[in-house]
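As a plain string of letters, each chain reads:
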Amino acid sequence: MVAILIACYLVAALTHLYLLCTGRSTGVVYGIGALLVGFALHTLMLGVSFASGTPEGWSAWLSGMAWIIILMYLIVFARYRDIALGGFAVPAAFILEGYAAAFPGVWGAGSIAVQGYLLKGHAVLALLSWAAFFLLFASALMYLVQSQQLKSRRPSAWLHRLPSLDILDDLNHKILYFGFAFLTASLLLGSMWAKSRHGAYWSLDPVRTWPLILIWGAYGLLLICRLTRSWKGKRSAVFSMVAFFAALLALVVHFQGAG
Amino acid sequence: MSIILAGVSHHNTPLSIRERLYFPEGDMGKWLDRLADYRGLDERLILSTCNRVEVYTAAEDYEQGLDAIQRFFLESRDIGADELNAHLYVHREDEATRHLFTVASSLDSMVVGEPQILGQVKEAYRVAQSSGHAGKALTNLFSRAFRVAKKIREQTPIGESPVSVSSVAVDLARRIFGSLSGKNVLLLGAGEMGEAAARHLKTSGADTLHVANRTFARAQELASKLGGLALSFDKLEQALIDADVVIASTASQGFVLDKPTVAAALEQRRDAPVFLIDIAVPRNIAPDVNDLEDAYLYDVDDLQSVAADNLRGREEIARDARVILETEVETYLARQQAEELRHTFAAIRFFAESMRQEEVEKTVQRLPELGDGGREALDAMTKALVNKLLHHPFAVLRQMSEKDVEGISVESVQKLFGVEPEGDQGPPAPPPDESD
Chain A
39 MVAILIACYL
49 VAALTHLYLL
59 CTGRSTGVVY
69 GIGALLVGFA
79 LHTLMLGVSF
89 ASGTPEGWSA
99 WLSGMAWIII
109 LMYLIVFARY
119 RDIALGGFAV
129 PAAFILEGYA
139 AAFPGVWGAG
149 SIAVQGYLLK
159 GHAVLALLSW
169 AAFFLLFASA
179 LMYLVQSQQL
189 KSRRPSAWLH
199 RLPSLDILDD
209 LNHKILYFGF
219 AFLTASLLLG
229 SMWAKSRHGA
239 YWSLDPVRTW
249 PLILIWGAYG
259 LLLICRLTRS
269 WKGKRSAVFS
279 MVAFFAALLA
289 LVVHFQGAG
Chain B
7 MSIILAGVSH
17 HNTPLSIRER
27 LYFPEGDMGK
37 WLDRLADYRG
47 LDERLILSTC
57 NRVEVYTAAE
67 DYEQGLDAIQ
77 RFFLESRDIG
87 ADELNAHLYV
97 HREDEATRHL
107 FTVASSLDSM
117 VVGEPQILGQ
127 VKEAYRVAQS
137 SGHAGKALTN
147 LFSRAFRVAK
157 KIREQTPIGE
167 SPVSVSSVAV
177 DLARRIFGSL
187 SGKNVLLLGA
197 GEMGEAAARH
207 LKTSGADTLH
217 VANRTFARAQ
227 ELASKLGGLA
237 LSFDKLEQAL
247 IDADVVIAST
257 ASQGFVLDKP
267 TVAAALEQRR
277 DAPVFLIDIA
287 VPRNIAPDVN
297 DLEDAYLYDV
307 DDLQSVAADN
317 LRGREEIARD
327 ARVILETEVE
337 TYLARQQAEE
347 LRHTFAAIRF
357 FAESMRQEEV
367 EKTVQRLPEL
377 GDGGREALDA
387 MTKALVNKLL
397 HHPFAVLRQM
407 SEKDVEGISV
417 ESVQKLFGVE
427 PEGDQGPPAP
437 PPDESD
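Chains A and B supply the protein sequences, listed in that same order.
Each number in my numbering corresponds to the 1-based position in the first sequence with 38 added.
Each number in my numbering corresponds to the 1-based position in the second sequence with 6 added.
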């Protein structure tokens, strides 16, 4: 079943890349169709593995991440009817899922044993927020390219492959809201877990907590700047992309501390 | 039955001659009836647009059919024989098929990929079909042409990029704002190109249009013409704040909008971008306005070079499209040939069977002593004889048509046996299915 799922994601990823790079509109139905079949299988598999006990190990979380990225992309597609974001989301999900399937126990099951509802909630919300930040990165990149195309006054064919500035800006805005809300909730649950475990909210190693708080602060700042409209389109897009790389770094530091 | 096409187009005929051959749309039924008065044309269709006038027919006899079309042009249009012969192109069968597919797919258009032609071809077919002038042959041909056109439009981006200044402006506006609904357009000045761009934006969904001009009366006149609101020039600053698209097309010698003015308006607009189109020569908007983050400024050169790039792009895409088209032409012709072969076989079988029955009947009458048993044996024997006689020629013919061997045509076989499989006796052709 995993093989069928990965094959579906591969077909969907290739179709989305093809559509994005050629700007053609025929084939959308195959890309989305393969994606929906894969997503249904994926949902079933994750459901079964959750029902039979909490999945453990990295691969289960990577697979969960892939599932969330696809879910978010499908929501965006349903809303905007545009496949451009899928050109990033679907290949990323394919790589995550493929990696999870190829190396099921690479770090050993239970290396991040997630126990208790607080910690589970923390982890699931964290997945949601990282998936959102990845998509924010992709749509910010598209915004920058599109705005550059329009500014140059000699737009290339990419002008028609990417969504309009208006859609991209709207997308950036909404993804940022969700990502920030999930990250906030995830950090709250994490600190509540720390309190219940160690008796203090920030009892963990500062190396583990501070990077995450900095990232939270960065995305928070971005959100405030957007809301007050002092930072607009391009600057906010650049910041979203930088923040994503910083967030990846923070995540590595966070787990290094855990290991 | 052969398809004959004769006509003129923008490729080889100047407008001064095309306009004399043009058939007005409203009277098409009448012209088709008139064309039907000429002998030898079984099916008829007239495609008349500003770029081409073409008559498509299905005829038994090529010479007679062509002669009928030529006489029709000479007798119904204001043109002499020499002039007509100098410009009229004639295609038949394969060439006619290829030509129609090319025309319907907009690969023969003056602006390659323009979308109107397919609608015009469909309308010409609809008129011919509903008035009974288009039968089975033209219906097969045209419904295939519609599918090929659709396929080419789906599989290549041929018609996607805009190729006129005002459609480039609309396209760019869409890449900035997504939809134009709810957007405000401000037109400065009364230049012709500005007016065209404003009209195009309005018909593409822009909500409101404000027209500002140094002469207020001129602004009012233009505003009422375009369905907008007139504005005096001293209210420009407020209008700039509200405008999402600004078209500058005044006769002013200096800049009407400079960087600080636009920057001030952008400040008030918060993060909403503004699209500025400067169609005036000399320019009306200072070029450094484009340095402002949310301002996208295009002057007439920019728009024209985008349009020219797009047109070149279309020519390239047209090469891909022609490959698809060629395959479609071959598939269609092969299918037509197979169909014709099948009809011919059926007709020969019918011919042989009725002759066999006739002869059996004669023999039975002559030899009454045969009885029922004898009659059955005679029946079986003649059937076997007919089948065996026809088996080999049919097999060879099928083989030859598959391998496309020159020499024996289906037509010559039809002549040989004295059969004519196609005709008007068949059931009326169904309208082509345009939904797929």
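Wrong hints could be hidden among the right ones.
What the hints assert, rightly or not - Partial pick of chain A residues on the chain B-facing surface, computed with a CB cut under 7 Å:
no., residue
1, Ser202
2, Leu203
3, Ile262
FYI, nobody ran anything at the bench for these hints, they're computed from the structure.
Note that beta-carbon positions come from the ideal geometry of N, C-alpha and C, so glycine has one too.
For each hint, the structure was consulted:
1. Ser202: 4 Å, holds
2. Leu203: Constraint on A:Leu203 satisfied, holds at 5 Å.
3. Ile262: 14 Å, violated
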